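Residue numbers (our numbering), protein chains in the order written: chain A, 1 to 194; chain B, 1 to 268.
Treat the hints loosely; a few may be bogus.
[As the list claims (entries may be wrong)] Here are some, though not all, of the chain A residues that point toward chain B, as calculated from beta-carbon distances under 7 angstroms:
#	residue
1	Thr44
2	Arg45
3	Trp50
4	Lys51
5	Lys60
6	Thr113
7	Ala125
8	Leu139
9	Ser160
Hints in this document: simulated from the structure, not taken from any laboratory.
On a predicted model such as this, the values are computed, not experimentally measured, just so you know.
All residues carry an ideal CB built from backbone N, CA and C; glycine is no exception.
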Amino acid sequence: MYSSKQQQEFEREAFPHWEALYSFATYLCRDRELAKDLVQDTFTRAWENWKSFQPGTNCKAWLFKILRNLYINHYRRLRRSPELLSYDEHPDDEELSLELPASPSVETEFYKTVLDEEVVEALYALPESFRTIVILCDLEEFSYEDVANMLGIPIGTVRSRLHRARIRLAALLLHYAQQRGWVSPEHPSANHGD
Amino acid sequence: MAIEDRSFLQQHLSAYVDGVPLEPSVRARLEEALATNPEYARLYQTERAIAALLRQRQARLRQTAPPELLGTLRLAVHLRQRKARRRRRFLVTAGALLVTGAGLWLWMNLPIRPSPACFATALRTSLHEFQQQRLVVAKVGNIADLHSLLRRNGIPYPLTPVPQGLSRAELVGVSIRQVNGYSLPIAIYHAPEGWLMFAKAPRQAFDQQRLWLDSSIWEALHRHEWKWQSCDSTVTCAFWEQDSFVCGIATTLPPQKAKLLLHVEWQE
Numbered sequence: 001m002y003s004s005k006q007q008q009e010f011e012r013e014a015f016p017h018w019e020a021l022y023s024f025a026t027y028l029c030r031d032r033e034l035a036k037d038l039v040q041d042t043f044t045r046a047w048e049n050w051k052s053f054q055p056g057t058n059c060k061a062w063l064f065k066i067l068r069n070l071y072i073n074h075y076r077r078l079r080r081s082p083e084l085l086s087y088d089e090h091p092d093d094e095e096l097s098l099e100l101p102a103s104p105s106v107e108t109e110f111y112k113t114v115l116d117e118e119v120v121e122a123l124y125a126l127p128e129s130f131r132t133i134v135i136l137c138d139l140e141e142f143s144y145e146d147v148a149n150m151l152g153i154p155i156g157t158v159r160s161r162l163h164r165a166r167i168r169l170a171a172l173l174l175h176y177a178q179q180r181g182w183v184s185p186e187h188p189s190a191n192h193g194d
Numbered sequence: 001m002a003i004e005d006r007s008f009l010q011q012h013l014s015a016y017v018d019g020v021p022l023e024p025s026v027r028a029r030l031e032e033a034l035a036t037n038p039e040y041a042r043l044y045q046t047e048r049a050i051a052a053l054l055r056q057r058q059a060r061l062r063q064t065a066p067p068e069l070l071g072t073l074r075l076a077v078h079l080r081q082r083k084a085r086r087r088r089r090f091l092v093t094a095g096a097l098l099v100t101g102a103g104l105w106l107w108m109n110l111p112i113r114p115s116p117a118c119f120a121t122a123l124r125t126s127l128h129e130f131q132q133q134r135l136v137v138a139k140v141g142n143i144a145d146l147h148s149l150l151r152r153n154g155i156p157y158p159l160t161p162v163p164q165g166l167s168r169a170e171l172v173g174v175s176i177r178q179v180n181g182y183s184l185p186i187a188i189y190h191a192p193e194g195w196l197m198f199a200k201a202p203r204q205a206f207d208q209q210r211l212w213l214d215s216s217i218w219e220a221l222h223r224h225e226w227k228w229q230s231c232d233s234t235v236t237c238a239f240w241e242q243d244s245f246v247c248g249i250a251t252t253l254p255p256q257k258a259k260l261l262l263h264v265e266w267q268e
């Protein structure tokens, strides 16, 4: 049982992160309804354990950790669409790098023209462990330390997994563009926008 | 790309792209590799472009939360608070009931030590009740029957020896008086001069505070003397100690006659 002061603290510290939590939950579950339930469970669980939260520490990271644990323990099996690849089936980075365009400057320009929907689609297509790390590091801007603590992995693993996830995401974006006839593997910018 | 170099690149390129401080030696090795190896340079450019793409579009790439979700979340937390309050109330009530129940059970089941019963009063009262024919008496013909009856009623010691004068009186019966949970055996004798009651209890029962006697009686017993009491004009009592037993007589005889019948001959 918490006092009204603790209720106010919870309101002030936890509730500002509800939208970020929903976004993360949606990327994890790939299902908006499931994501709503997950966020709701996260908030009730956070409220029940509010005494264990240390004031002055990163509340957002604490909430994200609760959400991810709930997802792993209860929600992962409820997803309607299964993951396309398991972690062990990730293609080697060397294979992926072959799909990358030959010219770095052309490639950089290409990414500026990618549609948001394509990026979201590519994020969804990433394996779960890669998707999680990209969302946490690049969209939510958690530090490597926070992410390592959240996922229970060493910082070195965070760094290497983030690198592989970004390269994989780049390859996926190029792959989509090629499928739609916007670029060719040899000349990425040639057909772009056609 | 050599495996060692690829592992090195995977380990540090993200941190380099994100501007995380690296050890000078690591940074130098990385920058040298990027400057000399076109494949490394291309990976670096790709990762930098992707990181920039994601960070520039953070707000647009985040999944938009439905506005009504915030109200749902607040309601869920509120309901959880109420549930916790209800659960606390339930636990408090259940705890109180449990404690009350346990107390009640203990009160009903634990042996409660009664206050010690007065040996002298039990003896006198028995005589009064006998006179008023209210005392329950089991008739016995002899000492052997008496002891058999006592054993059957859980009294482990015999009501012997009796004063010699009393042994010449007629054994009429026995009564077992329940006083505050203690069973006190009382033998009833009839002498030509009147009725006598003889009771006996182990000294241990007094030490355990199941029975008690007035201090004036104890003083006499400690001096190994008989203590005579004449409570009223109709009852005479005498108490003495023998072989770790406290013995007592209550009789309708006046003191002189009782002493003549018991004490004098007893002393012989």
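Verification of the supplied hints:
The beta carbon of Thr44 (chain A) comes within 5 angstroms of a beta carbon in chain B, closer than 7 angstroms, and the hint placing it at the interface holds. With its C-beta approaching chain B no nearer than about 9 angstroms, Arg45 (chain A) sits outside the 7 angstroms limit, and its interface hint is violated. Against a cut-off of 7 angstroms between C-beta atoms, the interface hint on Trp50 (chain A) is violated, since the closest Cβ of chain B lies about 10 angstroms away. Against a cut-off of 7 angstroms between C-beta atoms, the interface hint on Lys51 (chain A) is violated, since the closest Cβ of chain B lies about 12 angstroms away.
Interface restraint check: Lys60 (chain A) against chain B, minimum CB-CB distance 13 angstroms, threshold 7 angstroms, status violated. The interface hint given for Thr113 (chain A) is violated, since its Cβ lies 10 angstroms from the closest Cβ of chain B, which is over the 7 angstroms cut-off. Annotation: interface hint on Ala125 (chain A) violated; nearest CB of chain B at approximately 14 angstroms, more than 7 angstroms. The closest approach between the C-beta of Leu139 (chain A) and any C-beta of chain B is roughly 5 angstroms, which is under the 7 angstroms cut-off, so the hint is satisfied.
A least Cβ separation of about 4 angstroms between Ser160 (chain A) and chain B falls short of the 7 angstroms threshold, and the interface hint therefore holds.
Checked against the numbered hints given earlier, the structure breaks hints 2, 3, 4, 5, 6, 7 and satisfies all the rest.
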